[in-house]
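Undergrad: Now that you have both chains on their own, put them together as the hints suggest.
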Amino acid sequence: MKPNQKNERRGDPRKKKCAFCEKEVAYIDYKDYPTMKPYIDYFGNIFKRYYSGVCLKHQKMLRTAVERARFMGMMAYRK
Amino acid sequence: MPTLTPVTEEGRIYEFCILYPSDLTQKEESDLIKEIESIIEEVGGKQVAKDSWGKRGLAYTIGGHTEGNFIVYHYEVDPSKVRSVETALSITPKVLRHMIVKPPKGYEVVKYSEKFEMWLKEREKQEERKVREKEEALAKKVADRAKRTVKRTEVKKQEEKPAAQPTDKKKLSEELEKLISEDTLNL
Chain D
816 MKPNQKNERR
826 GDPRKKKCAF
836 CEKEVAYIDY
846 KDYPTMKPYI
856 DYFGNIFKRY
866 YSGVCLKHQK
876 MLRTAVERAR
886 FMGMMAYRK
Chain A
438 MPTLTPVTEE
448 GRIYEFCILY
458 PSDLTQKEES
468 DLIKEIESII
478 EEVGGKQVAK
488 DSWGKRGLAY
498 TIGGHTEGNF
508 IVYHYEVDPS
518 KVRSVETALS
528 ITPKVLRHMI
538 VKPPKGYEVV
548 KYSEKFEMWL
558 KEREKQEERK
568 VREKEEALAK
578 KVADRAKRTV
588 KRTEVKKQEE
598 KPAAQPTDKK
608 KLSEELEKLI
618 SEDTLNL
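Heads up: the sequence lines are chains D and A, in that order.
Take 816 as the starting number for the first sequence in the working numbering and just add one per residue.
Take 438 as the starting number for the second sequence in the working numbering and just add one per residue.
If we strip away everything but chain A, and leave its shape as in the complex, we get (with noise of 0.2 Å):
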């Protein structure tokens, strides 16, 4: 969803970034996502757009969770008035991380929880190609052992032939001087 933020007026937009545990019922889910909403809305600000990232793992605990549901807002709400919001963000229960951020001029609002998806897929494409071309180079190298070794029992068969070659000429030539000889007491 890129889509320019517009500021009207005195309003200006600001980032919500909230973490909660992730073994929540539905119930409470749905309440807690209620009342962080009636939070920024009664101050008087205006939802822009809003990103629930879902299950996510943590690098570290959290106050005793390994995983976490992350929720991206863009409220336009009034300067004076984030400071209340913060205060109030920090007092509520089963908020574990909360971050108030002012993005920059000419932001785009961009949905990383989609953005994230598609680079693990694309990761897991990367790696399935890693390990082709590991299995490609493997089976090639056997396969040039292969050839090597066949020819160095080719060479080596070529050098042992020579070898007995001479051998058999010798033996030949003495036969064949012998038949010669007998040949002739024959006759």
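Isolated chain D, as found in the complex (with noise of 0.2 Å):
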């Protein structure tokens, strides 16, 4: 297999910008569910940076705002 034919099937995931950085986020809230979503897998665990393409900055803030929104309830630790 050419080397460039695994990256027209999935996509390079080092050319993934982070979405938080696009639209210069400086705070995720744990009330917003709608937001943390889509970083959130079916188990209810957080997606990779790898994956998801978020930078360590937004990371981190997704994490707090995950672990509390699953404190409160809004959201499951596992599915």
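Calculated from the structure, these hints are not laboratory results.
Backbone N, C-alpha and C define an ideal beta-carbon position, used for all residues, glycine too.
Hints may be right or wrong, so weigh each one.
Said to hold, decoys possible - Counterexamples of contact, computed for chain A against chain D with all Cβ distances above 10 Å:
1. GLY481
2. GLN484
3. LYS492
4. LEU575
5. GLU591
6. LEU609
7. LEU616
8. GLU619
Claimed, not checked - Derived coverage of chain D by chain A (criterion: at least 3 residues anywhere in the stretch with Cβ under 8 Å from a Cβ of chain A; other residues may be distant):
9. 844-851
10. 875-889
TA: Shown next, in the form of structure tokens:
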């Protein structure tokens, strides 16, 4: 298989850009379920930075927000 | 309600999120809310914003409850007295969960109760759209298949016709010859 074929099929994960950086998000709210939802998989785990393309700064914000939401019962620890 | 929260003098804005069970009677509920507010106001808190979310399903059971009511307060409290509020809230019965958060600088108070409902409606619309697109795709598929079958049958007919014609021609020619021969005889 050629090296290009792999990239054509699923896209290069290194080329992804942080969606929060593009909107210049300063704070991710734990009450804001719709923004956090796309970064959570079926089992309630947060996606790795490698797959979602989120930068480290925003990944840390996301983690605190999700953990707070989980504590308040808005989000599942484990499905 | 997008208002910038101003910090005056020694006070600081704190966010209090409280979860209590949804199956309380109206009187119990109002009493509980009064109690919570009095706890914070005893310490000298000034209410900035209040947002009651109403009945909301929980992601997991808390104290045997699968549904609960959320209330989000924004109070201006003296930072040294927040700990006493925290302890008082943890003691109060019927409060399933509580959390005190210090919002960052330039935080805008957003009513998430409305936003969440808007999001739910939008999601419904999107799901409807998806269903419609699926149906359209299916209809297109069926139509294409029908067209293809029609074309195939036409092609088959056309293939059959030229095969039939030569035999006809042969027959015709034979018949004609016969006729001619007969005619000649008759004549």
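Undergrad: All the hints need checking, so say for each whether the structure fits it.
TA: Hint check results:
Residue placement check: GLY481 of chain A keeps its beta carbon more than 10 Å from all beta carbons of chain D (closest about 26 Å). A cut-off of 10 Å between C-beta atoms confirms that GLN484 of chain A is not in contact with chain D; the least separation is 18 Å. For LYS492 of chain A, the shortest C-beta to C-beta distance to chain D comes to about 13 Å, beyond the 10 Å cut-off, and the non-interface label holds. At the 10 Å boundary, the C-beta of LEU575 of chain A stays outside the reach of chain D, the nearest C-beta of that chain being 27 Å off.
Residue placement check: GLU591 of chain A keeps its beta carbon more than 10 Å from all beta carbons of chain D (closest about 39 Å). At roughly 61 Å from the closest C-beta of chain D, the C-beta of LEU609 of chain A stays outside 10 Å, upholding its exclusion from the interface. Even its closest Cβ contact with chain D, about 71 Å, leaves LEU616 of chain A beyond 10 Å, as expected for a residue assigned away from the interface. With a minimum CB-CB distance of about 76 Å to chain D, GLU619 of chain A clears the 10 Å threshold, and the non-interface call stands.
Here the region 844-851 of chain D counts 6 residues with a CB under 8 Å from a CB of chain A, which clears the bar of 3, and the coverage holds. Coverage of the region 875-889 of chain D by chain A holds in this model, with 6 residues showing a Cβ closer than 8 Å to a Cβ of that chain against a need of three.
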